[in-house]
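Asker: This is what each chain is made of:
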Amino acid sequence: MAAVYKALSKPTTRESDAKNKDEVRNRQRVLILSSRGVTYRHRHLLNDLYSLLPHSRKEAKLDTKTKLYQLNELAELYNCNNVFFFEARKGKDLYVWMSKPPNGPTVKMHLQNLHTMDELHFTGNCLKGSRPILSFDSTFDSEPHLRVIKELFLHVFGVPKSSKKLKPFIDHVMGFTVANGKIWIRCYQINETEPGKGKENEDTSAGANGVEPGAKKGKHGETNVSLIEIGPRFVLTPIVIQESSFGGPIIYENKEFVSPNQVRSDLRRAKAGRFNKRSEAAQEGKIRRGDLGLTSEGGRRNPKDPLDSQVLFA
Amino acid sequence: MAKSGKLRPALDRLQGRNFKLEKQRKLEKAAGKRKKGKAQEVTEDDEAEGALETEMLENVEDEEQVEVEDGEDDNEDADEEEDIPLSDLSSVASEEKGDLIPHQRLTINNTTALLSALKRIALPTSSLPFSEHQSITTTEPVSIPDIEDDLNRELAFYQQSLNAVKDARTLLKKEGVPFSRPTDYFAEMVKSDEHMGRVKKKLVDAAASKKAAAEARKQRDLKKFGKAVQVEKQRERDRAKRETMEKISSLKRSTCIWNLWLCWIYANDYSAERSGADLTNTNEEDIFDVALEDAATAEKADKAARRQKRDAGGKPNPKRQKRDEKYGFGGKKRHKKSGDAISSADMRDFSTKKMKAPFGGGAKAGAKRPGKSKRAKMR
Numbered sequence: 001m002a003a004v005y006k007a008l009s010k011p012t013t014r015e016s017d018a019k020n021k022d023e024v025r026n027r028q029r030v031l032i033l034s035s036r037g038v039t040y041r042h043r044h045l046l047n048d049l050y051s052l053l054p055h056s057r058k059e060a061k062l063d064t065k066t067k068l069y070q071l072n073e074l075a076e077l078y079n080c081n082n083v084f085f086f087e088a089r090k091g092k093d094l095y096v097w098m099s100k101p102p103n104g105p106t107v108k109m110h111l112q113n114l115h116t117m118d119e120l121h122f123t124g125n126c127l128k129g130s131r132p133i134l135s136f137d138s139t140f141d142s143e144p145h146l147r148v149i150k151e152l153f154l155h156v157f158g159v160p161k162s163s164k165k166l167k168p169f170i171d172h173v174m175g176f177t178v179a180n181g182k183i184w185i186r187c188y189q190i191n192e193t194e195p196g197k198g199k200e201n202e203d204t205s206a207g208a209n210g211v212e213p214g215a216k217k218g219k220h221g222e223t224n225v226s227l228i229e230i231g232p233r234f235v236l237t238p239i240v241i242q243e244s245s246f247g248g249p250i251i252y253e254n255k256e257f258v259s260p261n262q263v264r265s266d267l268r269r270a271k272a273g274r275f276n277k278r279s280e281a282a283q284e285g286k287i288r289r290g291d292l293g294l295t296s297e298g299g300r301r302n303p304k305d306p307l308d309s310q311v312l313f314a
Numbered sequence: 001m002a003k004s005g006k007l008r009p010a011l012d013r014l015q016g017r018n019f020k021l022e023k024q025r026k027l028e029k030a031a032g033k034r035k036k037g038k039a040q041e042v043t044e045d046d047e048a049e050g051a052l053e054t055e056m057l058e059n060v061e062d063e064e065q066v067e068v069e070d071g072e073d074d075n076e077d078a079d080e081e082e083d084i085p086l087s088d089l090s091s092v093a094s095e096e097k098g099d100l101i102p103h104q105r106l107t108i109n110n111t112t113a114l115l116s117a118l119k120r121i122a123l124p125t126s127s128l129p130f131s132e133h134q135s136i137t138t139t140e141p142v143s144i145p146d147i148e149d150d151l152n153r154e155l156a157f158y159q160q161s162l163n164a165v166k167d168a169r170t171l172l173k174k175e176g177v178p179f180s181r182p183t184d185y186f187a188e189m190v191k192s193d194e195h196m197g198r199v200k201k202k203l204v205d206a207a208a209s210k211k212a213a214a215e216a217r218k219q220r221d222l223k224k225f226g227k228a229v230q231v232e233k234q235r236e237r238d239r240a241k242r243e244t245m246e247k248i249s250s251l252k253r254s255t256c257i258w259n260l261w262l263c264w265i266y267a268n269d270y271s272a273e274r275s276g277a278d279l280t281n282t283n284e285e286d287i288f289d290v291a292l293e294d295a296a297t298a299e300k301a302d303k304a305a306r307r308q309k310r311d312a313g314g315k316p317n318p319k320r321q322k323r324d325e326k327y328g329f330g331g332k333k334r335h336k337k338s339g340d341a342i343s344s345a346d347m348r349d350f351s352t353k354k355m356k357a358p359f360g361g362g363a364k365a366g367a368k369r370p371g372k373s374k375r376a377k378m379r
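Top line first, the protein sequences correspond to chains A and B. Each residue of the first sequence is one higher than the one before, starting from 1 at the first, in full-length UniProt numbering. Each residue of the second sequence is one higher than the one before, starting from 1 at the first, in full-length UniProt numbering.
I should point out that these hints are in silico values taken from the structure, not numbers from a laboratory. Predicted model, so just to flag it, every value in this text is computed and none were measured. Keep in mind that a hint or two might mislead.
[Claimed, not checked] Only pairs whose alpha carbons sit at most 16 Å apart, straight line, appear in this in silico EDC-like list of lysine to aspartate or glutamate:
| # | chain 1 | residue 1 | chain 2 | residue 2 |
| --- | --- | --- | --- | --- |
| 1 | B | K202 | A | D118 |
| 2 | A | K58 | A | E76 |
| 3 | A | K182 | B | E154 |
| 4 | B | K337 | B | D324 |
| 5 | B | K337 | B | E325 |
| 6 | A | K165 | B | E188 |
[Claimed, not checked] These stretches of chain A come out as covered by chain B in the derived footprint (C-beta under 8 Å, 3 or more residues):
| # | segment |
| --- | --- |
| 7 | 118-127 |
| 8 | 139-149 |
| 9 | 179-188 |
| 10 | 252-263 |
Backbone N, C-alpha and C define an ideal beta-carbon position, used for all residues, glycine too.
With the rest of the complex left out, here is chain A (with noise of 0.2 Å):
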């Protein structure tokens, strides 16, 4: 059925405009996978997006945390040239490496905040394989770093024409925003109603956007667009971009990035520092007590008097 309706709604003259410009076609294929030690909900996030991103490839786990450049040439191997890499330290954090074999930059992210579609009971679904709509922040073109991972989200998470298990709608809409050093990231899906009038007038009254979700009705049938949230929800926190693919000089490094290894020594030694402050002053209160001479033993003694009896009948 699918097919069916794609290959009837295909527009015959874009095929030979595709055709022309082939070389500046949008071509992606991500290779999704993941490192060994991930857990449920990390393997959920990955699903989630596998099923989002049509264009995508799942692979089975990769062994290695240190030798990352065999992806370069798993991804060689499978024909992608996007590598979306979840890599989990400790059991519970996890990282996420987008890179762009063969010899495109790498960006390391760290992951957070992170809510799969299963534990968040939004309302909102999409077709399995639409297009998304991406929304990117424009602090994105601040910087060039922010650019980098803009270009690469856009890769990555835009789904090209050409994927195979394409559906012929656009129905939901994934946000990028930095906010606070971070991004973040969701999708919705775009819930269309129209008041009233067929859906002929859709076409018509498509010019005349800007009807807010909840605003007055439109007078001719005016569709009014609201989003329902899909999930699933996380953030990411740019830690490092090096120039080539898992590997090559660093180019980008976040100042401001605190490793979560580092978070948790902190909150562990703050404890710790609380009781050496306690352990310090019981230690001083007990000095101050021998130099006042009140403990049996120990402290300071008081000088010998030259004129006490003792020293004077000797």
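Place chain B on chain A using the hints.
Answerer: Positioned in the frame of chain A, the structure of chain B alone reads:
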């Protein structure tokens, strides 16, 4: 750097500078830079000037670094030992904190390399038709004043996406790309029916629980109101009961006073016929009314009767007498309890028998009083 005379070598000797190591280090750095430069040259042409500048800058920095760090065999290790990360400071308890210098991580932000990398992979989004990439960037950056404020943050994200959708919709319509899904088009969805069922169930459950809570609250309010009514009724009943009881008790008291009155009359030898006439003449209810309304006068009468009785020469009751004797009523109280010749010579109470009696005798006598519960039962 030209060395001037003997001063420089002397200074170096004094500082214990390791020339060999420095030279090696410099060579290493130069090699690294050459490699980097080559990589950049391959990718970029027009930005060579900028790279050159940055390189020069870096060179200057390197020299400075070398000069600063002279005299140390193992620079990096020493660095690590010297600097203490900011986060470690909290664990240092005493005032030594002031002397420590926290180090910050070095930031790498090689703009030229980043731009060249971007150029290598960038899609020509401006020349491609919109339907190829479907990406929309907001005209102005999304500002979120407080990142912790969940509602406003999500609203900002929502607005951003919504605006993008509206723009994209017009663009796609212009290009003739099918946008909205017809209602009769069914295909596999991202979330399975089972998943959506779960979501729906959750929603239904939430709604049901909300409804149940509202219902429960209503019931509670009703109950509370019902209770108030009941309490009011009970109070009303109590009041009525109290009133009747009061009436009865006042009645009782009035009859008592009446009896006392009679006694007094007889005791003072009033003419029998007059009192009898009084008794017969007065209406019973009238007397009650007087007693009810004026308890003070009744008490006054009572007191007067007692005084009369005492004046007549009658002794007060034996209990009062005893107490007067014990605690004193009139007369000097001082030295009354002290012994004198007579009392000490008085041997009436002396008995050898009593002296030999066991100590607990008194206690035994006291034990004759039953326990509290028994007493309570007896009452």
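Asker: So is the segment 139-149 of chain A in contact with chain B by the C-beta rule, three or more residues under 8 Å, or is the coverage claim wrong?
Answerer: Check passed, 8 qualifying residues.
Asker: Can you tell me if the segment 118-127 of chain A counts as covered by chain B, using C-beta to C-beta distances under 8 Å and a minimum of three residues?
Answerer: holds (count 7)
Asker: Would you check the hint for B/K202 and A/D118, treating anything up to 16 Å between C-alpha atoms as holding?
Answerer: holds (12 Å)
Asker: Closer than 8 Å, Cβ to Cβ, for at least three residues: run that test on the segment 252-263 of chain A against chain B and report holds or violated.
Answerer: Satisfied; 5 residues make the cut.
Asker: Would the hint linking A/K58 and A/E76 be met if the CA-CA limit is 16 Å?
Answerer: Holds. A/K58 to A/E76 sits at ~14 Å (cutoff 16 Å).
Asker: Tell me if chain B covers the segment 179-188 of chain A under the three-residue, 8 Å CB rule, please?
Answerer: With 5 residues closer than 8 Å to chain B, the segment 179-188 of chain A meets the three-residue bar; holds.
Asker: Do the alpha carbons of A/K165 and B/E188 lie within 16 Å of each other, as the hint requires?
Answerer: holds (11 Å)
Asker: Given the hinted pair B/K337 and B/E325, is their alpha-carbon gap at most 16 Å?
Answerer: holds (12 Å)
Asker: With a cut-off of 16 Å on the C-alpha distance, tell me whether A/K182 and B/E154 pass.
Answerer: OK: A/K182 and B/E154 at ~14 Å, within 16 Å.
Asker: Given the hint that B/K337 pairs with B/D324, test it: the Cα-Cα distance must not exceed 16 Å.
Answerer: holds (15 Å)
Hint compliance for this structure: no hint is broken.
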